[in-house]
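Asker: Residue numbers (my numbering), protein chains in the order written: chain A, 3 to 303; chain B, 93 to 453; chain C, 78 to 355; chain D, 28 to 173.
To be clear, the hints were calculated from the coordinates, so they are not data collected in a lab. Glycine residues also receive a C-beta, built at the ideal position from the N, C-alpha and C atoms. Errors might be hidden in some of the hints.
To be verified - Calculated pairs, PhoX-like style, for lysine-lysine (alpha carbon to alpha carbon, straight line, at most 20 Å): (1) B:Lys419 / B:Lys164; (2) C:Lys303 / C:Lys189; (3) A:Lys96 / A:Lys119; (4) D:Lys37 / B:Lys372; (5) D:Lys83 / D:Lys172; (6) D:Lys172 / B:Lys164; (7) D:Lys37 / D:Lys158; (8) D:Lys83 / A:Lys228; (9) A:Lys215 / D:Lys172; (10) A:Lys104 / A:Lys69; (11) C:Lys349 / C:Lys303; (12) D:Lys172 / A:Lys228; (13) A:Lys228 / B:Lys104; (14) A:Lys215 / A:Lys228; (15) A:Lys69 / A:Lys96; (16) C:Lys349 / B:Lys419; (17) C:Lys189 / C:Lys216; (18) B:Lys372 / D:Lys158; (19) C:Lys185 / C:Lys216; (20) A:Lys104 / A:Lys19; (21) B:Lys207 / B:Lys372; (22) B:Lys168 / B:Lys419; (23) C:Lys101 / C:Lys228; (24) D:Lys83 / D:Lys37.
To be verified - Examples of chain B residues toward chain C, derived with CB under 7 Å: (25) Tyr163; (26) Ile170; (27) Tyr206; (28) Thr209; (29) Phe335; (30) Cys362; (31) Phe363; (32) Ile365; (33) Asp367; (34) Gly374; (35) Thr389; (36) His391; (37) Pro397; (38) Pro417; (39) Glu418.
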Amino acid sequence: MIATLRETCRQLLSDGKVDVVIGYGHDAAADGAEDAPVYPVFITKPEDAGRLVWNDRCHANLAVYLKHEEIRSLGRAAIIVKGCDQRSLVVLEKESQLDRSKIYVIGIACDGLDRPKCRTCDVHEPRGADVIIGHKAAGTGYPCAGGVPSANGTQGLPDTLPDDRYAELRAFLARPSAERLAYWRQELARCVKCYACRQVCPMCYCRRCIVDKNRPQIISTSATLKGNFAWHITRAFHLAGRCVGCEECSRACPMGIDLRLLNLSVAQAAEENFAFRAGDDPAAEPVIGSYAIQDKEDFIR
Amino acid sequence: MSESLSIAALGKLVDCWIAEGRHVTGPRRINGRLLYARLDSAADLDLTEDERPRNSIKQVLFPRHEELYGYKLGHKRIELTESETPIAEQIVVAARPCDAALGPILDHVFNWDYKDTQYNRRRELTTIVTLACRHHDAHCFCTSVGSAPDDPRGSDVMLHAMDEGILEVCCLTEKGSRLFAGRCDNLPSPSSGRGAGGEGISGDIANQPVLPLTPAISHRENGTAPPRRFDLDKVQEFLAQGFEDSRWPDLARRCLGCGACAYTCPTCHCFDIVDEGAGKEGVRARNWDACQFVPFTLHASGHNPRSRQNQRQRQRIYHKFRIYPEKFGPLLCTGCGNCTRNCPVGLGVAPVLAEIARNTP
Amino acid sequence: MTDNIYQPDLMEVVQVHQQTADVKSVRIRFCDETRANDFSFRVGQFGIFSAFGAGESPFNLCSSSNWRDFIEFCFRRTGRVTEALWNMDEGDIIGFRGPYGNAYPMDKWRGKDLIFIGGGIAMPPIRCAIWYALENREKFGQITIVYGARKVGDLVFRNELDRWAEYDGVRVVSCVDPGGETPDWRGEVGFVPAVVERAGISATNAAALVIGPPIMIQFTLPVLSKLGLSDSDIYTSLENRMKCGVGKCGRCNCGPAYVCKDGPVFTLEQIKALPKDL
Amino acid sequence: MNEPQEFQPKIIAYVCNWCTYLGADLAGTNRLEYPANVRVIRLPCTGRIDFNLIVKAFEMGGDAVLVSGCHPGDCHYTAGNYHARRRWMLFRPLLEAFGIETERVHFTWISAAEGRKWQQVVAELTETTRKLGPYTGYREICEAKG
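The shape of chain A in the complex, shown without the other chains (with noise of 0.2 Å):
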């Protein structure tokens, strides 16, 4: 699979299709090593693209960089996704981010990175893509990676596709308010504001965010309970309808602040009032910036 993954972007590079291609790697130099670091590469020489690889370590959602001055001054761009990135390729391209035809995206069959999102995944063939590298295992109904190997022998797959993406949440909402916010008190007041979780999210492309802007300075921007509960609450509701679970912002977190929980929330607000799931229907409206007139609510008398 990575064989063909390599001679896919090869081909792509030596064409002059793309000028550079978007996806994991790790050192040159470091090639075959059992736990070389995989981190973003850039390809932009067909020989290099033996750098490219595939493996249960390639969290990065690349989407991320399409926005990136220094990306695209690279010229036109091949992007390797997983099921859980393609989607931010569709709200992005709703939200006129990126034009489509001028990527050409490459899904990569993904049967799970040992991530909580990968137990209720429904993508692993991802869709909209270009060209699908790894294809669906016959009978089993999920896509193989074919080639991920994993602990359990049965290609990592899950054995029952847990229906409930929410069922944490759900658990989280049925305790008490108080001992909801005494959670988020602990949690949050780790938080130094590195803003990592802001800067791997495909979604948070603002070019001045809001917590940078000071007239007025609605958002304390200093590291104390009352700045971190004001941050993460604008972070997680600037998600609404648009997060698509993709994890990096808990991933990247240096403090270990598991933030699944308030992008869940406003996910299953989404799903529940309008039926909207972010990534899932490139024609839908993007919910937060189109309304309804029939929209049903039971709190405003």
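Starting from the structure of chain A, add chains B, C and D where the hints point.
Answerer: Okay, now just chains B, C and D, sitting in the frame of chain A:
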């Protein structure tokens, strides 16, 4: 002078310090992650050795939010008030040597002509008890920047873990000895037999809860030091003329511009000054800041000398490995590896310098 | 007195003078008399001015160091702090800490001809040097002042331009960009670099101070070099983003220099040695 | 000796300029009395009422927040209140997740003619908030040092 101390006795000591009202900080596990944080009791102390805390003890000497002074606004009258948060006596237990070394390094900039009294006061009131390292992970590179797993710089007391949960205590400063004076139980250390002739294990120490120490503790002599990741001379030779080198955009292209490297780094010390308050009262406070953020150098006119992310990454490397050493002497880096350990895309200092050193003839 | 290096002195606003549509100069005096007496600064230094509740910003001290009863600074209304300072009037209290940075080497300039070239809002940092030179007129040779702005309304300290011209040995050339002149404008029309070239200034035994927007400096420096001025005779004051002003917060660092402590005054020679990070 | 000081809740009301603000004004001109606990803040439209304003109100010591504007269909800017309705349908669950007491956050449509409804809403709000007591939960978080 060096004595020995059982891990259990260290736990009791920690509880004493806490009882005496001192703030004790040490590595503890929170949600599965090893972080330096304030200890509520000795049970929180986690002496795992084959993992390095993901943040640093910098917050003890240089908090991420610190009130400089308060202000009260009246009609044509303003009153400035001393910030009333008292600075308590701090003890850092089981710090890594690459954390403890930040004190002597930051003293230079915080006392360059103007004495930063709040930093100096915290420095005086802080005693650092370091635990020499006997393990390292893929990101440690203290040996590449002139440091070592038992580098005493900045430590008031250096602990060396021996076998069977015995710690050799070396008090390096007066502050350190005051802390440990008469508190060591000097248990004979079975393997090295170097413990001073203390009496046998007394009853109450025997049944103390032994703190979780990783089983395979080997004596400090054969402790493993991390391999050298890059040749520092070659790096500094490159930096001397490499500011305009065309490879910088490639070296840092994947950087996302967050502050995870700067805020978990023991020696990054840049800060912002903000006014916080509502209506007639407020405080002027100092917050951590980082050269990786766009507004850091943004002029009021809109001009930004470092508008590209690779320029900001270059500035971080230059400030640590050329500007600071040239101006103050020590490198602004202790080789802890937290920048790479916490970088979402595997950048940080070591990978960049290794790449530079590899390609510099 | 506090030993907290970040705590400012409280200053009372003595007089506010609106220079242009968005530029004001403010005169302030120490509330605490003892501080007023033992305060001194050298022209070219700057201070950090506080509008409590909004923040702090660095501005040059644009009054002459010989004036004892007030110090003056000038700012353009662009952001949160300058907005708050804009709304100050006589009697209000602001904060000041300083003086910071190095200063113009007036003693090194003794006996030299002085060429002052300013652009737009950059007149205040030059004005203090001009007044200092005029108050010690005998120490300096010919003084030429070239000051340009986009349009007549943008000229800062315009009334003082005429007063400077009255001093002997002082030549004042003020200019506005093409299209910025008004019918009764008697000064030159053109960009500062061109005006400097036309002015036919003699550069023998001269020192030049050039402050203005980067584009103006970029095109003025070659003109001065052509006149024969060496790089070590051309001075400028750098405008980096600053926060602490005491060499701690790392903002103004550019290459080996912390602009707030090693600068802001640099010779062109020193600036050429700095990396292109300005 | 006056009776013991009853808790006076601080209620911050973000109201739209075209409907609710006029409704409140109408209540005033009709001499309809309502508790003075409400602090009215006028904004052009409910569409302009940012979710951060609710957080800010609690940060600065508010005990309850009221957001009120034109009934759907009456909006001066045609769709401001529709957008606002969607915003609150998505924001309330997030407040729930944070454990911020959503029973202290109230949303109503009050038209320019409904002075009486404004009086009733404010009176009722003051009572329910008085029962809930001061909102120390969030304020104490915001006053935590460092």
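Asker: Hint by hint, say whether it matches the structure.
Answerer: We went through each hint and held it up to the structure:
With a C-alpha separation of about 39 Å, the suggested pairing of B:Lys419 with B:Lys164 is violated against the 20 Å cut-off. In summary, the hint linking C:Lys303 to C:Lys189 is supported, as the alpha carbons are separated by about 18 Å, within the 20 Å threshold. Of the supplied pair hints, the one linking A:Lys96 and A:Lys119 is violated, its CA atoms being roughly 23 Å apart against a limit of 20 Å. For the given pair, D:Lys37 sits about 19 Å from B:Lys372 by alpha-carbon distance, which is consistent with the 20 Å threshold.
Restraint check for D:Lys83 and D:Lys172: satisfied, since their Cα atoms lie roughly 18 Å apart, inside the 20 Å limit. Restraint check: the Cα-Cα separation between D:Lys172 and B:Lys164 comes to about 18 Å, which is no more than 20 Å; the hinted pair holds. Taking the CA atoms of D:Lys37 and D:Lys158, the gap is near 13 Å; set against the 20 Å cutoff, the hint holds. A C-alpha spacing of about 10 Å is found between D:Lys83 and A:Lys228, which places the hinted pair at or below 20 Å, so the restraint holds.
Between A:Lys215 and D:Lys172 the alpha-carbon distance is near 23 Å, which puts this suggested pair outside the 20 Å criterion. Under the criterion of a C-alpha separation no larger than 20 Å, the hint pairing A:Lys104 with A:Lys69 is consistent with the structure, at around 13 Å. A distance of roughly 17 Å separates the Cα atoms of C:Lys349 and C:Lys303; the hinted pair therefore holds under the 20 Å criterion. For the suggested pair D:Lys172 and A:Lys228, the alpha carbons sit about 9 Å apart, so the restraint of at most 20 Å is met.
Our distance criterion of 20 Å between C-alpha atoms is broken by A:Lys228 and B:Lys104, whose separation comes to about 36 Å. With a C-alpha separation of about 17 Å, the suggested pairing of A:Lys215 with A:Lys228 holds against the 20 Å cut-off. For the hint pairing A:Lys69 with A:Lys96, the CA-to-CA distance comes to about 14 Å; that is within 20 Å, so the pair holds. Taking the CA atoms of C:Lys349 and B:Lys419, the gap is about 19 Å. The hint holds against a cut of 20 Å.
For a cut-off of 20 Å, the pair hint linking C:Lys189 to C:Lys216 stands: about 8 Å separates their Cα positions. For the suggested pair B:Lys372 and D:Lys158, the alpha carbons sit about 30 Å apart, so the restraint of at most 20 Å is broken. A threshold of 20 Å between alpha carbons decides the hint, and for C:Lys185 with C:Lys216 the separation of about 11 Å falls inside it, so the pair holds. For the given pair, A:Lys104 sits about 10 Å from A:Lys19 by alpha-carbon distance, which is consistent with the 20 Å threshold.
Pair hint B:Lys207 plus B:Lys372 does not hold up; C-alpha atoms about 30 Å apart against a cutoff of 20 Å. For a cut-off of 20 Å, the pair hint linking B:Lys168 to B:Lys419 is broken: about 43 Å separates their Cα positions. Of the supplied pair hints, the one linking C:Lys101 and C:Lys228 holds, its CA atoms being roughly 17 Å apart against a limit of 20 Å. For the suggested pair D:Lys83 and D:Lys37, the alpha carbons sit about 13 Å apart, so the restraint of at most 20 Å is met.
Taking 7 Å as the C-beta contact cut-off toward chain C, the hint placing B:Tyr163 at the interface holds, the least distance being around 5 Å. At a threshold of 7 Å, the smallest CB-CB gap from B:Ile170 to chain C is about 4 Å, leaving the interface hint in force. Checking B:Tyr206 against chain C by beta carbon gives a least distance of about 4 Å; that is within 7 Å, so the hint holds. Look at B:Thr209: its Cβ gets to within about 5 Å of chain C, closer than 7 Å, so that hint holds up.
The closest approach between the C-beta of B:Phe335 and any C-beta of chain C is roughly 4 Å, which is under the 7 Å cut-off, so the hint is satisfied. Because the beta carbon of B:Cys362 sits about 4 Å from the nearest beta carbon in chain C, less than 7 Å, this interface hint is met. Among the interface hints, the one on B:Phe363 holds; its C-beta lies about 5 Å from the nearest C-beta in chain C, closer than the 7 Å criterion. At a threshold of 7 Å, the smallest CB-CB gap from B:Ile365 to chain C is about 5 Å, leaving the interface hint in force.
Because the closest C-beta pair between B:Asp367 and chain C is about 5 Å apart, less than 7 Å, the hint holds. Checking B:Gly374 against chain C: minimum C-beta separation of about 6 Å stays under 7 Å; hint holds. Proximity of B:Thr389 to chain C holds as hinted, the smallest CB-CB distance being about 5 Å (cut-off 7 Å). At a threshold of 7 Å, the smallest CB-CB gap from B:His391 to chain C is about 6 Å, leaving the interface hint in force.
The beta carbon of B:Pro397 comes within 5 Å of a beta carbon in chain C, closer than 7 Å, and the hint placing it at the interface holds. Interface restraint check: B:Pro417 against chain C, minimum CB-CB distance 11 Å, threshold 7 Å, status violated. The criterion of a C-beta within 7 Å of any C-beta in chain C is met by B:Glu418, whose closest approach is roughly 6 Å, and the hint holds.
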